[in-house]
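These protein sequences, in sequence, are chains S and L.
Note that the working numbering gives residue 7 to position 7 of the first sequence, counting from 1, and the numbers run on in steps of one.
Note that the working numbering gives residue 74 to position 74 of the second sequence, counting from 1, and the numbers run on in steps of one.
Rather than coming from a laboratory, the hints here were simulated on the basis of the structure.
Just so you know, these numbers come straight off a predicted model, no measurement behind them.
Be careful, since some hints might not be right.
As the list claims (entries may be wrong) - These stretches of chain S come out as covered by chain L in the derived footprint (C-beta under 8 Å, 3 or more residues):
| no. | stretch |
| --- | --- |
| 1 | 1-12 |
| 2 | 17-27 |
| 3 | 32-42 |
| 4 | 50-57 |
| 5 | 141-153 |
Stated by the list, open to error - Over 12 Å on every C-beta distance to chain L, these chain S residues come out as not near it, computed from the model:
| no. | residue |
| --- | --- |
| 6 | E45 |
| 7 | G71 |
| 8 | K157 |
Virtual Cβ for every residue (Gly too), placed ideally from N, Cα, C.
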Amino acid sequence: MDDKYIVDLYWNRNQTAIECTAEKYGRFLHGIAMNILGNPQDSEECVNDTYYKAWETIPPTRPASLFAYLGKIVRNLSLSLRRMRHAAKRDDNLSVAIGELEECIPGREDVESQMEQKYLTEAINRWLHSLKEEDMSLFVRRYWNGDSVEEIANSWKVRANRLSVRLLRLRRNLKEYLEKEGVAI
Amino acid sequence: MSGFTIFDAVTDIDDELIERAQSYRPRRVNRIKAMSGVLAAALVLMVSFFAAQTLRSGDQSTNTCDQAAPENTCDMAAPEAGFELAAEEKPEVKSITDGTPTESLIEFSVQNGYVDSEQKSVAETATYTVGELYGYVVELRDIEMGEYFISEYKIYVTKDTASYLLAQSLLNEAQRAAVEELVEEYLLREGMK
């Protein structure tokens, strides 16, 4: 079942589009939501909302990568729900990941204007494109997917401490890059 | 405060990056090929060492025979192939951390030939690569075949130049680059650079 087939189902307003999406991407979407929310009920809610949002937005959108498109929706929904439900800092995997990334912009926990937000995302994109494949994949798996270091190490069959050292280096590198780009203060 | 953080900014990275990251798996070096390389290189090393030693022994024995020397000096046999180096032939290896000379790593690999585990022999080899590039050597432990990383940090300085040939032939560019990066990381963390 390729993405084009599924996207065509959405465009033809064929409700099997949702079933096909769930069959192909449900597990990944649940994984991303669980990494952010940590509980199955909230994750289920966000994944269902993701299917609904996909139905609402395709058409007019015709995403080139359905996985990335859906992943971004579920990520945004999950982060919003997490903010609503958990105001205080927690000790879970995602809080650790957020804390790690926030080191890259010390003193700036949030970004106010939409322009700055856009610029920050573009800078991160440019930086990611400049990395070696393994480093880029490690960063995306850790900070986009929200996978723990142990999960990534298991799937790559490497030692976790090696990846931790590499992530430390990557975050330093990102921080220097953002400073050079005038994003970090 | 908008609540938008760098973590949110990562959400909107390029789709292409997201797709590539999901399917990426590190390349694993074929174990048999890697071991063949190790054995071949160990052989090169042994040959070059004993060739050098034979030349030196030849010079000494010539001088000795010209002098009033004990009979057996000129008849001294070449060292048994493979595993013995005279004390003065051992390259000096010194630890950066405390200045104490440590056992020569090249002696270790020559004395043992194919050492007690394939992982260890690869560790010695990778050690030499870094040594020649930076003038020091990082001892590697707990490595996996085809993957080099440091889990125990010990820095040595080697003056041995023959190991460079060994190292060159064994590690590919990506592996050398990986080890170099890890060494850099270690030095920065330890404030040595």
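Outcome of the hint check:
1. 1-12: Violated: only 0 residues of the stretch 1-12 of chain S have a Cβ under 8 Å from chain L.
2. 17-27: violated (count 0)
3. 32-42: Result for this restraint: violated, n = 0.
4. 50-57: violated (count 0)
5. 141-153: That given contact holds, which follows from 4 residues of the stretch 141-153 of chain S lying within Cβ reach (below 8 Å) of chain L.
6. E45: Fine: 18 Å to the nearest Cβ keeps E45/S off the interface.
7. G71: violated (6 Å)
8. K157: violated (8 Å)
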